[in-house]
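Visitor: Chain by chain, the residues run as shown.
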Amino acid sequence: MAMRNAYVDQFPSEARLISAAFWSSFLALAIGGSLGLVQALHRTDYLRFIDSVDYYTVLTAHGVLLAITFTIFFLVGIFTWAVTTSLDRGLEDLRFSWAWYAMMVVGTVLVGVSILGGVVDSIDMQADVLFTFYAPLQAHPAFYVGLVLFVVGTWLAGADWFRTWWAWRGENPDERIPLPTFMTLTTTLFWYLCTLGVALSILVLLLPWSMGIVDSVNPLLSRTLFWYFGHAVVYFWLMPAYMMWYIMLPKLSGGKLFSDPLARVVFVLFLLLSTPTGIHHQYLDPGIAEGYKFIAMTNTMFLLLPSLLTAFTVVASMEHGARQRGGTGYLGWLKALPWRDPVFTGMALAGLMFAAAGFSGMINAGMNINYLVHNTWWIVGHFHLTVGTAVALTFMAAAYWFVPQVTGKQLWNRSLALGQVLLWFVGMTFMSNAMHRSGLFGMPRRTAEPQYQGFNFEPAAGTVGEINAQVALGAALLTIALALFLLNMVMTTIGGESDAIPDNTYAGTLSGPEDAPVVLDNLKLWTAIATVLVVFAYTLPLASIIDAGGLFGPGIEGFQLTIGIDPAIVLESVREVMP
Amino acid sequence: MRISPGALLVVIAVLVPFVVEFRTALSWFGVELSVLESVALAGVLVLGLLVWAMWPQNGGEMGSADSN
Amino acid sequence: MASATEKQETDRVREIGHDEYDPVGTAILIGIYFLILVLLWLFMYFVEFLGNGPTVVGALQPVLLGVGLA
Ligand code: HEM
Ligand SMILES: [Cu+2]
Numbered sequence: 001m002a003m004r005n006a007y008v009d010q011f012p013s014e015a016r017l018i019s020a021a022f023w024s025s026f027l028a029l030a031i032g033g034s035l036g037l038v039q040a041l042h043r044t045d046y047l048r049f050i051d052s053v054d055y056y057t058v059l060t061a062h063g064v065l066l067a068i069t070f071t072i073f074f075l076v077g078i079f080t081w082a083v084t085t086s087l088d089r090g091l092e093d094l095r096f097s098w099a100w101y102a103m104m105v106v107g108t109v110l111v112g113v114s115i116l117g118g119v120v121d122s123i124d125m126q127a128d129v130l131f132t133f134y135a136p137l138q139a140h141p142a143f144y145v146g147l148v149l150f151v152v153g154t155w156l157a158g159a160d161w162f163r164t165w166w167a168w169r170g171e172n173p174d175e176r177i178p179l180p181t182f183m184t185l186t187t188t189l190f191w192y193l194c195t196l197g198v199a200l201s202i203l204v205l206l207l208p209w210s211m212g213i214v215d216s217v218n219p220l221l222s223r224t225l226f227w228y229f230g231h232a233v234v235y236f237w238l239m240p241a242y243m244m245w246y247i248m249l250p251k252l253s254g255g256k257l258f259s260d261p262l263a264r265v266v267f268v269l270f271l272l273l274s275t276p277t278g279i280h281h282q283y284l285d286p287g288i289a290e291g292y293k294f295i296a297m298t299n300t301m302f303l304l305l306p307s308l309l310t311a312f313t314v315v316a317s318m319e320h321g322a323r324q325r326g327g328t329g330y331l332g333w334l335k336a337l338p339w340r341d342p343v344f345t346g347m348a349l350a351g352l353m354f355a356a357a358g359f360s361g362m363i364n365a366g367m368n369i370n371y372l373v374h375n376t377w378w379i380v381g382h383f384h385l386t387v388g389t390a391v392a393l394t395f396m397a398a399a400y401w402f403v404p405q406v407t408g409k410q411l412w413n414r415s416l417a418l419g420q421v422l423l424w425f426v427g428m429t430f431m432s433n434a435m436h437r438s439g440l441f442g443m444p445r446r447t448a449e450p451q452y453q454g455f456n457f458e459p460a461a462g463t464v465g466e467i468n469a470q471v472a473l474g475a476a477l478l479t480i481a482l483a484l485f486l487l488n489m490v491m492t493t494i495g496g497e498s499d500a501i502p503d504n505t506y507a508g509t510l511s512g513p514e515d516a517p518v519v520l521d522n523l524k525l526w527t528a529i530a531t532v533l534v535v536f537a538y539t540l541p542l543a544s545i546i547d548a549g550g551l552f553g554p555g556i557e558g559f560q561l562t563i564g565i566d567p568a569i570v571l572e573s574v575r576e577v578m579p
Numbered sequence: 001m002r003i004s005p006g007a008l009l010v011v012i013a014v015l016v017p018f019v020v021e022f023r024t025a026l027s028w029f030g031v032e033l034s035v036l037e038s039v040a041l042a043g044v045l046v047l048g049l050l051v052w053a054m055w056p057q058n059g060g061e062m063g064s065a066d067s068n
Numbered sequence: 001m002a003s004a005t006e007k008q009e010t011d012r013v014r015e016i017g018h019d020e021y022d023p024v025g026t027a028i029l030i031g032i033y034f035l036i037l038v039l040l041w042l043f044m045y046f047v048e049f050l051g052n053g054p055t056v057v058g059a060l061q062p063v064l065l066g067v068g069l070a
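Residue numbers (UniProt numbering), protein chains in the order written: chain A, 1 to 579; chain B, 1 to 68; chain C, 1 to 70.
Calculated from the structure, these hints are not laboratory results. Just so you know, nobody snuck in bad clues.
Listing some non-contacts, in silico: residues in chain B with all C-beta distances to chain A over 10 Å: (1) Glu37; (2) Ala40; (3) Leu41; (4) Gly43; (5) Leu45; (6) Leu47; (7) Gly48; (8) Leu49; (9) Val51; (10) Trp52; (11) Met54; (12) Trp55; (13) Pro56; (14) Gln57.
In silico contact screen, one side only, chain A against chain C (beta carbon under 7 Å); selected entries: (15) Glu319; (16) His320; (17) Leu510.
Quick reminder that beta carbons are idealized off the backbone N, C-alpha and C, glycines included.
Please build the complete structure, drawing on both the sequences and the hints.
Guide: In structure tokens form, the structure reads like this:
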């Protein structure tokens, strides 16, 4: 038996840190995912064991725990792996690294407890503000403080990766940045750029407002600052999944990455375009002139370019692997791919679902078509394909490879893992298809009881009952898949050490970095251009929003959803809208 | 087997979205399949797939296909 | 660094270098994907525009009115 050369053998201390990050992420996935089932059954009226008034608390927990906690804890693990493996050196100072991890944990606990306060009477807090947390919904200050700690934790993690790279560069002044590190650094850079917006929004507006220091904020400003961050965060989730597709899938398929230069171009494009597109989430916001929305739409359409480049490069790399494994024919090579391997199959199916999401995304991105689906369940169907599958399924599949790497323990059950990724795919097919279709006939998102007196939805195809059944079925399958995933992770971790762990490697390239123009590695240049684009896209809209409503807005009082709604106020607001 | 068991499983899984979307698409042309009919359709497709996959690959028509 | 890039894969039956590799299968798959996108796009026209009447944005409306299109 040859010497084992897994990640844990090369970087034992870093492996422990990554393990901790993974487990934080899995915990969030377990809680958040279960709440997803609660929502699905509640909305479709199959099982309503929570009070509809508490629905927003559950929805906030689901959104925050999955879209923010699960994804980001996992990706800091992946990025740490990517930097250390590709630079072949450990982190500079593990105490610093544990400090940023601890900061993220403390932030998450604060956020979690304040959300929990919405349903637990003994906790005197609430944060029923959804993961989009802009005004006029108002949370307890602890929620915002927790978010700040979490984000600052990720900033320090980014600094850690940069430090490691600087140290490496000092010793290797003439080498190109290895691809995985390049991907990590470009992603970190746009993360810094976009989180600036949300940091401003929290520190200048939301936190002082929830502490009673100012008694009103401009809600449109807080929305715009949120979405300034809110689109880029999508790419923060997606870039690590892309990284997996670029540097793991080709290897798993038995081939090489088709083109290193193309991969670099894609990541540079995301650095440039992630942030100046946020207004495309606000097509229906009054108070933002159409011209600015049009600019955001144009930038968004440019984002199709790196996405399509990725589709091409990744599929071509898989084809290369399949042909090296003996595959032939125009499409017959598909049969030669390692479908038995859950890591490969999970990532490939995640990519396939992402391609499907590409279409609904193009619908969302078009300014006037967006009006048709805005705030309907179509949107929820769309992002369960993107973050809920392209990202989540890629991460779960990746975990089947990474957890053995960082623990030195063999995956407990490979067949179960294959079944799990297939089940997630099938479950999401049912749930997401039904959500998209409900959106087309106007079924709203974020509603506990989407049924109304004197009004019936008119589906173009099928019945509402049947669509609801499909959602519930999909959600049930997804929850089973989730449980199987967690079971496999737990059993793997409590299992014994194994010598049969593959070496810690990633894909080689057909066309390497020597073919990539050196300017691609000029991170300062790209950051400068990205900043200029953001200034172009946001200065005028922000100026006109502040001009119209002021920083602290026209007397907007905080809205706290579950702290006893006064019936008199409800009646009054109902009267306002009734003729 | 003409295809590995792993690949067969994947093909069956990928069939699901096709059946689901096919059903939606058909209804736009006024053809409404009931849930049972859709399940039956899926069953037939899976069965066909299994038969195709299991059918012995005799050298005659495909030449050296089994050397792969 | 190159040391960590993948070296040898067991199931490999041949080595295909950069110059002899021609990703024709990829081209076909991407072609099919584009075809689906185009079909869905056409389908969207029926859902959106025939279903609800066009949503014309901002300054375009007077222009269209002016030339008698709307
Ligand atoms: C067990 C699997 C899952 C189920 C059953 C599920 C179910 C749901 C349902 C029914 C909603 C809609 C609630 C509404 O509009 O009223 C929802 C919203 C959402 N889900 Fe999931 N989901 C699952 C997994 C995920 C994953 C893996 C992610 C992300 C990584 C995710 C992210 C979100 C987000 C961000 C929202 C929007 C929350 C909001 O509107 O504020 N979900 N989910
Ligand atoms: Cu967006």
